Every structure is written in structure tokens, then in C-alpha cells.
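Protein chains in written order, with our numbering: chain Z, 1 to 403; chain X, 1 to 403.
These aren't lab readings, by the way, just hints derived from the structure by calculation. Keep in mind that the hints are not guaranteed to be accurate.
All copies of an identical chain are treated as equivalent in the list; a pair is satisfied when it fits inside any one copy or across any two copies.
Result set (DSSO-like, lysine-lysine): computed pairs, CA atoms no more than 27 angstroms apart in a straight line [claimed, not checked]:
(1) 212 <-> 61
(2) 24 <-> 360
(3) 54 <-> 88
(4) 345 <-> 33
Please read these numbers as outputs of a predicted model, since none were measured by experiment.
There are 2 protein chains.
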Amino acid sequence: MPEKTPDIPLPLGFLFSTAEAAIKKPAKGSKRKDMALIYSEADAVCSAAFTTNKVKGAPVKLGIERIKSGKARAVVINSGNSNVSTGKRGMGDAREMAALAARHLGIPEHLVHVSSTGVIGVPLPMQRIRPRIAEMARSIGSASALDAAGAIMTTDTFPKVAARRLKIGGRTGTILGICKGAGMIAPKMATMLCFIMTDIAVKRSALDRAFKEAVGCSFNRITIDGDMSTSDTAIVMANGMLGNKEITASSSHYSRFKKALSGLAYELSKMIARDGEGATKLIEVEVRGARTEADALRGAFTIANSLLVKTAVYGNDANWGRIMAALGRAGIDMSEEKTDIYFGKVRIVSRGVSTGKYDKAGEALRQKEVKITADLNMGRHKASVLTCDITEGYIRVNAEYRT
Amino acid sequence: MPEKTPDIPLPLGFLFSTAEAAIKKPAKGSKRKDMALIYSEADAVCSAAFTTNKVKGAPVKLGIERIKSGKARAVVINSGNSNVSTGKRGMGDAREMAALAARHLGIPEHLVHVSSTGVIGVPLPMQRIRPRIAEMARSIGSASALDAAGAIMTTDTFPKVAARRLKIGGRTGTILGICKGAGMIAPKMATMLCFIMTDIAVKRSALDRAFKEAVGCSFNRITIDGDMSTSDTAIVMANGMLGNKEITASSSHYSRFKKALSGLAYELSKMIARDGEGATKLIEVEVRGARTEADALRGAFTIANSLLVKTAVYGNDANWGRIMAALGRAGIDMSEEKTDIYFGKVRIVSRGVSTGKYDKAGEALRQKEVKITADLNMGRHKASVLTCDITEGYIRVNAEYRT
Chain Z
1 MPEKTPDIPL PLGFLFSTAE AAIKKPAKGS KRKDMALIYS EADAVCSAAF
51 TTNKVKGAPV KLGIERIKSG KARAVVINSG NSNVSTGKRG MGDAREMAAL
101 AARHLGIPEH LVHVSSTGVI GVPLPMQRIR PRIAEMARSI GSASALDAAG
151 AIMTTDTFPK VAARRLKIGG RTGTILGICK GAGMIAPKMA TMLCFIMTDI
201 AVKRSALDRA FKEAVGCSFN RITIDGDMST SDTAIVMANG MLGNKEITAS
251 SSHYSRFKKA LSGLAYELSK MIARDGEGAT KLIEVEVRGA RTEADALRGA
301 FTIANSLLVK TAVYGNDANW GRIMAALGRA GIDMSEEKTD IYFGKVRIVS
351 RGVSTGKYDK AGEALRQKEV KITADLNMGR HKASVLTCDI TEGYIRVNAE
401 YRT
Chain X
1 MPEKTPDIPL PLGFLFSTAE AAIKKPAKGS KRKDMALIYS EADAVCSAAF
51 TTNKVKGAPV KLGIERIKSG KARAVVINSG NSNVSTGKRG MGDAREMAAL
101 AARHLGIPEH LVHVSSTGVI GVPLPMQRIR PRIAEMARSI GSASALDAAG
151 AIMTTDTFPK VAARRLKIGG RTGTILGICK GAGMIAPKMA TMLCFIMTDI
201 AVKRSALDRA FKEAVGCSFN RITIDGDMST SDTAIVMANG MLGNKEITAS
251 SSHYSRFKKA LSGLAYELSK MIARDGEGAT KLIEVEVRGA RTEADALRGA
301 FTIANSLLVK TAVYGNDANW GRIMAALGRA GIDMSEEKTD IYFGKVRIVS
351 RGVSTGKYDK AGEALRQKEV KITADLNMGR HKASVLTCDI TEGYIRVNAE
401 YRT
């Protein structure tokens with residue numbers, strides 16, 4: 001992935017900086033950047049999606065409050081500690097992080113968002129964070145988008161950056177996104193943070209609508225381990241510095257903008273799925289021929305979250321019975337006798353019974369990207385979900401995450 | 001476990017035999033018994049519970065048909081192949097297994113149940129199974145209950161046998177159970193087979209009621225990996241050979257019988273949870289202080305199925321944030337600010353905030369049996385679920401299961 005990043009175009013008026021606050025490992029030092037600041041030179045129209053977990057981190061609670069204005073100028077982010085389940089102190093810390101960034105950047109406090117990711121239940125080391133925020137504000141513009149993507153990683157193995165260019169009435173706008181994922185990734189949303197920036201002028205209602213759709217078919221359709229985070233946040237900021245006529249939901253450019261935004265979100269979510277903790281393979285699960293889209297989606301998620309399916313893919317084992325069993329317990333309208341199952345393009349099950357093509361199916365499973373398709377042959381609806389295999393690496397990462 | 005088994009008392013009139021059919025590994029030989037036959041010398045009153053998966057193995061379909069009579073004489077069981085998703089041929093094979101056992105035992109065919117466990121989607125090697133059924137019928141009584149428990153294992157690491165003795169009007173009856181579990185264990189039921197035999201005379205309606213309750217608070221409250229099997233079967237046979245006055249739901253002995261049956265089922269289900277694939281620890285999750293029992297149960301299952309919780313227990317990591325996050329996504333009535341969390345007897349979270357007792361909590365986690373309690377402090381209802389930790393061993397077993 002990273003080899004692509006030198007070509008990443010930047011939207012006008014967005015600046016980055018990063019810092020090392022040793023949030024997770026004060027004694028040894030973090031050995032890498034663990035804070036980032038994103039700043040827009042002009043007020044940006046802003047939409048966001050947050051975790052639907054009833055337990056929400058302080059930064060998420062603050063974000064839900066602040067997104068109401070529909071405007072933003074900056075986001076201050078840290079990795080290593082999620083500031084979740086930290087009580088009143090946590091809420092105060094999140095507010096203070098925003099206030100410090102606002103003061104040092106010289107912008108209104110309510111236009112600053114905060115995102116934190118990492119361990120739950122431990123107060124933030126504010127004494128180390130405060131000076132770093134001041135430093136990042138002073139040096140804003142000193143880091144690249146790739147640097148910022150690196151600083152927000154937790155157990156990610158590579159920084160995640162993607163961009164789209166879009167011609168709008170003679171000018172070329174840019175949509176840039178950075179994100180992090182790795183574990184605790186499940187619908188709705190994930191332990192994922194995603195920040196998308198564009199210089200294209202978009203009306204708030206149009207941005208809300210386009211972003212909702214983009215999140216719905218990207219970040220809400222990935223799952224690593226079925227665990228839903230308390231910190232998930234996806235924010236899009238559109239500062240309009242391209243100078244185009246503001247895009248509304250009824251303007252001619254809307255559908256192209258929406259498509260570009262959705263494509264970008266999908267590309268980022270694919271990177272997250274590919275980089276699941278310990279993963280060796282990206283898996284796309286498609287359920288088609290369903291009576292309803294809800295059935296297709298539920299079936300796809302049940303397969304994608306099945307440990308037995310994920311371990312079979314890891315082991316290159318065309319063990320389609322585990323897929324059939326997952327469909328059978330998904331609570332959807334299905335009949336074993338009508339179901340076809342494919343690994344890649346190889347039909348391993350026809351109308352509920354094995355075709356015996358295990359050798360060819362095994363080949364499809366040995367690829368880095370594995371497609372599993374179940375055709376229920378009951379209707380016209382379909383849905384896809386991205387996930388990854390599960391390996392000893394996942395167990396190791398999560399058994400040793402804190403210790 | 002096995003060290004206890006020499007003392008296992010036997011109910012009157014139940015006989016066992018086992019055989020080696022090399023069902024899974026014809027070339028190398030199975031190296032261990034993979035078939036068992038259970039036979040009652042008298043007609044037994046019979047109740048059963050089967051998987052609720054929409055995809056059901058042929059033996060389960062046959063069992064659902066045959067249980068209607070409420071009577072049984074024998075069960076023929078094989079491991080290594082579940083005879084699931086094998087089409088019409090699979091149904092024919094299940095019927096033939098029962099017919100062969102009936103013919104060689106000299107009993108009516110409809111009184112024979114069949115249970116198969118193992119790989120899905122592969123036809124049974126009937127040419128190797130047929131002669132073994134005849135052999136087992138001829139040698140009925142040659143094997144112990146422990147032998148039978150060993151023969152029905154798949155990835156189990158130890159045979160599972162338990163018993164209860166019960167005084168009924170001057171006579172002492174016996175309830176004996178054997179079962180297998182290991183993976184794909186989730187509510188409702190599991191890839192588990194369980195056969196319970198008693199010489200106590202019980203009326204069918206009373207047996208149905210007692211068994212339903214016993215299954216509800218044992219096999220339906222364990223989860224290994226959240227995957228639900230297509231073969232789950234629990235059968236109880238009561239042949240009345242003790243000669244006691246038949247127990248009815250209104251007789252004085254009913255509640256003691258029910259309690260003994262439930263206790264036995266719970267003991268067996270605990271063995272299954274402890275022997276989860278690759279598991280190193282038994283975990284009991286209790287959610288209390290819930291508004292409803294359904295909330296308590298859903299909360300307990302969400303925690304018990306969380307990979308992040310299971311890996312944290314494996315790593316002796318008092319990472320309670322993962323428990324809070326699981327409760328937050330469980331779809332139950334809860335409030336972070338009211339929730340207490342305990343590892344063993346150590347309260348690690350009080351009203352949503354850490355108590356800092358990580359050292360003591362770590363000690364509780366280093367035990368072979370770990371109790372996790374979440375008190376929602378919202379009401380009076382509670383529920384418990386048994387599970388195990390997840391380790392590299394689970395991944396290995398399931399990535400290499402077939403290959």
C-alpha cells in the first residue's frame with residue numbers, strides 16, 4: 001500500500017502536523033509519533049458518523065455535540081489511549097485537548113474535534129499531551145498526510161491513505177482520506193478513525209447525504225472480529241477552497257461527487273479489512289439471490305464473522321460446510337437445497353450438494369484476495385461484506401495488547 | 001476428568017459397544033474407535049433436543065421424525081463425518097444405519113436414533129460403516145460408557161461422562177450421561193452430542209418437561225466460538241428398569257429428578273466448555289442487576305462470544321474495557337456509569353470507572369477457572385453463560401481440521 005502514497009494529491013488549505021507524546025509507553029518512549037493535528041485554513045462544512053455502541057468514548061461524546069454546527073476547522077488525534085470509560089475526568093481531558101488546539105491555532109474552540117484510539121479505561125497522560133498540542137499547532141504544515149496516517153495507527157501494520165481527483169466546472173478538486181483500523185472492527189463502524197478532507201465546496205445537506213451513503217457501503221460493511229468499538233469516528237471536512245460553485249444535492253456534479261466519496265471510503269475500508277490484526281488474506285463475502293437486501297446483508301455478515309469460516313480460509317481449506325452452517329443460523333430465509341456456494345469462480349456447492357471441485361477451490365483459496373459467494377436462489381437481492389482471515393497472529397496481538 | 005470415571009455407576013439395562021470404521025482417515029486407519037452403539041434392553045421413554053440451525057444433518061432430520069413416538073431402544077453414533085449437506089443419499093444413509101442396527105439387534109427400526117458428527121458435505125463411507133454396525137450389535141455390552149464417550153469424540157481432548165444417583169422410594173436409580181463437544185459450540189445447542197440414560201421410570205410428559213429445562217440451563221448456555229452446529233443432538237432415554245412407580249410432573253419425586261437431570265446436564269456442559277478447541281481456561285460470565293432476564297442473557301452471551309474478551313483472558317490481561325464495550329453493543333438496557341465489573345471477586349470497575357486493582361484482578365485471571373461478573377445495577381435479573389478462552393490452538397485446530 002504505502003508505495004502508492006508519494007502520488008497522493010492534497011486538497012487545498014489542509015495542513016498536518018504530528019508529535020510524539022509517548023502516550024502508551026511513557027518509560028520506553030513510544031518510538032513513533034502518536035499524535036496528529038489536521039487543520040483547515042478556512043471554515044469547513046463537516047459531516048460525521050460515530051459508533052452506535054452505547055458505551056462511547058469522551059471524544060465521541062464531544063464530537064456528537066460539536067457536529068451539530070456542521071462546521072469544523074481542526075481535528076486533534078491521539079493513538080495509544082481511547083479516553084473511553086474514564087468518567088468526568090475523561091470528558092474534561094477531551095475538552096481540554098480541543099481547547100488547547102483552538103487556542104494555539106487561533107480558532108474557535110467549538111470548531112475543533114478530538115479523536116482518541118487505544119486502550120480503554122485509563123486516563124490520558126495529559127501532562128505529556130498538553131505540550132505536544134502546542135508544538136503541533138506551531139508546526140502545522142510540517143507533516144504529510146502519510147505522516148498523519150502513521151501517527152494515528154494502533155495495531156495497524158501500514159498507514160492508510162487514499163485520494164480521488166474530480167473535475168468540477170473546469171477546476172480539479174481533491175478528496176483525501178486517512179484512516180486507521182486493525183481490530184475491534186465490526187458494524188456499525190469499527191475501531192476505526194477516518195478523516196476525509198476535500199477542497200470542493202459542498203452544501204452541508206448534500207455532504208451529509210453523500211457521506212451517509214459512503215459510510216453505509218464501506219465502513220459499515222467491514223468486520224474483523226465482530227467486536228464493535230466505543231471510539232469509531234469518521235469525519236469529512238469540505239473547506240470549499242477550490243472555489244467551485246457549491247455542490248447541492250440537486251446540482252449536476254452531486255452524483256459524481258458522491259461516487260468519488262463512496263469510492264474513496266470503500267478503498268479505505270478495504271485497506272482496513274486487509275490489515276485486520278494478524279490477517280493474511282482479504283475476504284469478500286457476497287450473498288446474492290436473497291429475498292431481501294436485509295437477508296443478504298445478514299447472511300454475508302454471519303459468514304464473515306464465523307470463526308470457523310475465517311480459520312478455514314486461513315488454512316486454504318474449501319470447507320464449505322461451515323458457510324452452509326453459518327447461513328443456516330443467520331436467521332434468514334434460505335433453503336439448503338437451493339443454495340450454491342463459490343470460492344472465487346469455482347462452484348463448490350450446487351443446490352446444496354458438493355460438486356467435488358476441491359482442487360480448483362483450493363487454488364482460489366490460496367490467493368491473497370478470496371471471494372466467497374453464496375447464491376440463495378430465492379430472490380434478486382445481494383450484499384457484500386469485507387473481512388479477513390483469522391490467524392495465530394490475531395490471538396497473539398490481542399492476548400498481549402496491554403501487557 | 002477421566003480419573004473420575006471408574007466410579008461411574010451404570011443404569012440398569014443399558015449396554016454399549018464401539019467399533020473402528022476409519023470414517024475420517026480410511027488410508028491410515030482412524031487409530032481409534034469412531035462408532036458407538038447404545039442399547040436399552042427395554043423400551044425407553046425418550047425426549048430430545050436438536051439444533052435450531054435451518055441446515056440440519058440427515059440424522060437430525062430423522063431424529064425429529066422419530067422422536068414423535070416418544071420411545072426409543074437404541075442410538076447408533078459415528079464421529080468423523082456429520083452426514084450434513086449430503087442430499088438424498090445422506091438421508092438414505094442415515095435410515096440405513098438405523099435399519100441395520102435394528103435388524104441386528106432384533107428391534108423395530110423406528111426405535112433407533114442415529115447421530116453423526118464431523119465434517120460437513122462428504123457422503124458417509126457406508127461400505128466401512130455397514131459391517132461395523134453388525135459387529136457392534138453382535139458384541140453389545142462389550143464396551144463401557146467411557147469407551148462409548150471416547151468413540152464419539154471429534155476434536156475433544158477427553159471423553160465426557162457423568163452420572164447421578166437418586167433414591168426413589170427405597171430403590172436407587174442412576175442417571176448416566178455421555179457427551180462430546182469441542183468446537184462450533186453456541187446457543188442454541190452446539191456441535192455437541194449428548195446421550196443421557198436412566199433406569200428410573202418417568203412419564204413422557206414429565207421427562208419432556210424436565211429435559212427441556214435441563215437443556216435450557218446447560219447446553220443452551222455454553223458457547224465456544226459463536227458458531228452453531230447443524231448436528232446438535234441431546235437425547236434422554238428412561239427405560240424404567242428400576243421398577244419404581246412412574247414419575248409424573250405432579251409426583252413428589254419429580255423435582256428431585258429434575259434437579260438431578262439438570263445438575264448432570266450442567267456438569268456435562270461444563271466439561272464441553274472446558275474442553276473448547278485449544279482452550280486453556282473455563283470462563284463463567286454472569287450478568288446481574290439487569291432489567292430483564294433476556295437482557296442478562298444477551299449481555300452474558302455477547303461478553304462470552306467476544307474474541308477480544310476471550311483473548312484478554314487467555315493473556316491474563318484485566319482489560320475490562322473490552323467487557324464494557326461488549327455490553328455497550330449487546331443491544332440491552334445498560335448505562336456505563338452504573339456498571340460494575342468483577343474478575344473473580346475483585347471489583348475492577350465501580351460505576352463505570354476503574355478501581356485500579358489490576359494486580360489482584362490479574363491473579364484472578366491466572367486461575368484455570370475464571371469468573372467474570374458484570375453488575376448493571378439496573379434491576380434484579382441475572383444469567384450465566386459458560387465459555388472458554390481462545391488461543392493459537394483454536395486457530396490451528398480449525399485451520400487444519402480437514403487438511
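Quiz item: Out of the numbered hints, which ones does the structure contradict?
Solution: 4
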